[in-house]
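Chain order of the listed sequences is A and B.
At position 106 of the first sequence the residue is numbered 106 (my numbering), and the sequence of numbers has no breaks.
At position 82 of the second sequence the residue is numbered 213 (my numbering), and the sequence of numbers has no breaks.
Keep in mind that the hints are not guaranteed to be accurate.
Derived CB-CB ranges, DEER-like [claimed, not checked]:
hint	chain 1	residue 1	chain 2	residue 2	range
1	B	R160	A	G123	31 to 39 angstroms
2	B	E234	A	T55	24 to 32 angstroms
3	A	R23	B	T185	13 to 21 angstroms
4	A	K46	B	P259	38 to 46 angstroms
5	A	R23	B	T186	21 to 29 angstroms
Pairs of lysine-lysine, DSS-like flavour, derived with a Cα cap of 25 angstroms [stated by the list, open to error]:
hint	chain 1	residue 1	chain 2	residue 2
6	A	K35	A	K46
7	B	K176	A	K33
8	B	K180	A	K45
9	A	K46	A	K33
10	B	K176	B	K166
11	A	K49	A	K35
12	B	K176	A	K49
13	B	K166	B	K180
14	A	K49	A	K33
From chain B, some residues computed to sit far from chain A (all C-beta separations above 12 angstroms) [claimed, not checked]:
hint	residue
15	G167
16	R172
17	R182
18	V184
19	R189
20	E224
21	R228
22	G232
23	E234
24	P259
Keep in mind the hints are simulated off the structure, nothing from the lab.
Keep in mind that this is a model prediction, so the values were computed, not measured.
Glycine residues also receive a C-beta, built at the ideal position from the N, C-alpha and C atoms.
One-letter residues, chain by chain:
2 protein chains.
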Amino acid sequence: MRRVSFFLVPTFQRHVFVCVNERPPDHPRGSCKAKGSPEVRDALKKALKARGVTTEVRANNAGCLDQCETGITVVVYPEQVWYGHVTLADVDEIVDRHIIGGEVVERLMLPDQPHLEGRRAFGRLHLPVLP
Amino acid sequence: MRRVSFFLVPTFQRHVFVCVNERPPDHPRGSCKAKGSPEVRDALKKALKARGVTTEVRANNAGCLDQCETGITVVVYPEQVWYGHVTLADVDEIVDRHIIGGEVVERLMLPDQPHLEGRRAFGRLHLPVLP
């Protein structure tokens with residue numbers, strides 16, 4: 001039996017979390033899952049794969065991020081940029097502009113993000129230089 | 132009917148993700164859920180609540196963080212510190228030393244975290260000064 005005894009911890013330059021929390025259909029707060037967040041997550045994963053950046057970036061499901069009313073909620077770390085009302089149509093822009101390009105997609109940003117201290121650019125993804 | 136029309140986006144000083152991914156019991160990689168990660172998540176949330184820091188810190192479920200073999204996996208943002216083999220017995224130490232105190236729990240760290248550049252202290256949580 002083969003045993004794998006050595007694992008490298010990933011060092012993601014960006015780690016994207018998509019809320020997939022589900023509430024009952026009649027819940028007053030709504031829920032990201034009911035708005036189609038699993039499809040957004042799938043599209044995000046697919047877009048990262050298509051651009052060949054799955055070593056540098058990971059997209060994950062997240063439990064309730066408590067922004068249900070403005071979901072679908074997506075948060076990008078390490079900068080902790082909160083996006084709201086995200087749809088499938090926004091995925092390419094989030095990936096290309098923010099995740100790869102390092103500039104936030106201002107039109108999708110939720111308000112009141114004082115931790116960003118006004119910053120809107122965080123640097124491009126570092127990609128290996130191919131020979 | 133009361134309508135809430137104004138929402139503040141949370142500005143978490145630390146955001147903790149606990150992998151709750153489940154694989155079939157006979158899967159060679161194992162899974163965090165099978166190792167009891169939902170209980171670790173619950174204990175983490177309870178500990179944060181007990182310390183009165185749920186405004187400053189959030190704990191969430193995460194999908195597969197791809198460290199199945201060394202799970203239960205917990206990652207703390209924004210510093211992106213990866214912990215492995217986390218058990219219920221470790222929760223208080225992670226909360227008090229790292230999440231509140233800002234110093235990593237070295238004995239639980241997964242190896243190979245070059246993004247930390249050797250740093251092991253990231254500053255205490257900023258808490259409101261009570262009158």
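Problem - Hints that the structure is at odds with (numbers, increasing) - result: As far as the earlier hints go, 8, 12, 16 and 19 are violated by this structure, in ascending order.
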